[in-house]
Amino acid sequence: MKQFLEGSWAFADAAKLCRPGVISAYPITPQTHIVEHLAQFVANGELNAQTINVESEHSAASVVLGSQACGVRSFTCTSSQGLMLMAEVVFNIAGMRMPILMICANRALSAPINIWNDQQDSVSLRDSGWIQMYAENNQEAVDLVIAGYKIGEKPRVMLPVMVCVDGFILTHGMEVVDMPTQEEVDQFLPPYNPPYKLDVEKPLSLGLLGGPDVYIETRYAIQKTMEDVLTILPEVGDEFKKKFGRESVRLIEEYRLDDAEVALVAMGSVCGTIKDVIDELRQKGQKVGLLKIVTYRPFPEAAVNKALAKVPYVGVVDKNISLGATGALYTEIKAACSHDKKISGFVMGLGGRDITKNSIESVFSQSKEKVNSCTFVDLHNDLLWEEFRV
Amino acid sequence: MFSVLAAIPKSSSRNRTGSWRSLVKPHYLQKECINCGLCKMICPEGCIEGTEKNQYSADLDYCKGCGLCADICPKKDIEMVSNQGTE
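Chains as they are written, first to last, in numbering that gives the first Met the number 0: chain U, 0 to 389; chain D, 0 to 86.
Isolated chain U (complex conformation) (with noise of 0.2 Å):
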């Protein structure tokens, strides 16, 4: 049924679907109502699920480590400090092969203290063995976030999954939002039935000690397990587009880049932005297209390649920084396109710096007038000094 809802309340009650039975998370802004919400479900009796209350991140991440590891399907969600607090579990999740989804409600790293959002916080974790996919708007976040329950707890799988939605650009907006029935999503999503799990009839250890002559093999073993789910999420996705009559689940999104001479790459809401300004210079008759990747983690260079194999000239848009390098987005792009394409890289919108029409046309423009692969876009320039001032 169609409602107009909070993004929060959307991903909250999506999740709800989902019938996890443990949720644990700890507040942190953007991301606080979605868990308000959930705890307000428990509380209500309208979902039965165990709500454990903790003390930090790190523990929030250790308790749906657990329960996922007894069996018991789980939900957690953060953003920015949070995340990295629970940095050390999470790669711990991945290495475990516990298939939990978490919200990661994208917001800036600290310092200075900022709670707005960009993508720094998801993108540092990259590596850490989850799936990641990045949502464009509230109704993607929805479809991602039971279907990313689906494809994680796939046996062949059976690997994490962050659905990264953009700190109050999601979170905070209101929007209309197909919500699925919980007849539905029950035929979609079946009860989780782990190939392992903790249970005193059947002993078990997981999270061993795995010294040389074991640990490169269970690297080897969820990359392996990654270049798979670049075959198993299509798949899902089509069967999501089936039940749900919607594309969302994907592992990327062209748009009018059919004969496009200048693409921008970009991941998020930002996408809708540029969606929009494509639509009005295509009516200036400038040939300019998008390519959104949904699925960043595993990354579909296959699919980058193809989409973006007639397009001369690219830009890719970064909300996130690896300070020292490129954007991080930027340098997959660079790896996953042959020498003779024009890419360069923009860094926008850090901190919540609103991401304009105005600094997409520009965007635009500068990918075709000259490469640079770090272009920081939108800077005050009355804000940097050569030595230090107060």
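The hints are simulated quantities; they were obtained by calculation from the structure and are not laboratory data.
Take these hints with a grain of salt, some might be off.
[What the hints assert, rightly or not] Here are the simulated BS3-like cross-link-like pairs (lysine-lysine), alpha carbons at most 27 Å apart as the crow flies:
1. U:Lys1 - U:Lys241
2. D:Lys63 - D:Lys52
3. U:Lys153 - U:Lys201
4. D:Lys63 - U:Lys201
5. U:Lys196 - D:Lys9
6. U:Lys341 - U:Lys286
What you are looking at is a predicted structure, and each value in this text was computed from that prediction instead of being measured.
Using the hints provided, position chain D relative to the given structure of chain U.
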């Protein structure tokens, strides 16, 4: 694809870790033993066997040579001796 992920109880005993032992190992004299069982209880490896007087011994496939058994024995009936050249 999966690799080593879990273990069932006792499966780590496949790993004969006695090769990590320090320079000494316990020698059970089996003369003054009173069957108090302290050596068996204090052993961090749980590798001491025995239920009767003068019948205790350490399983050198797992013993690390820490010397706690010799230290706690009230009858000084366990000696730590050189590990060299005896493997």
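(request) Tell me, in ascending order, the numbers of any earlier hints that this structure violates. (result) 4
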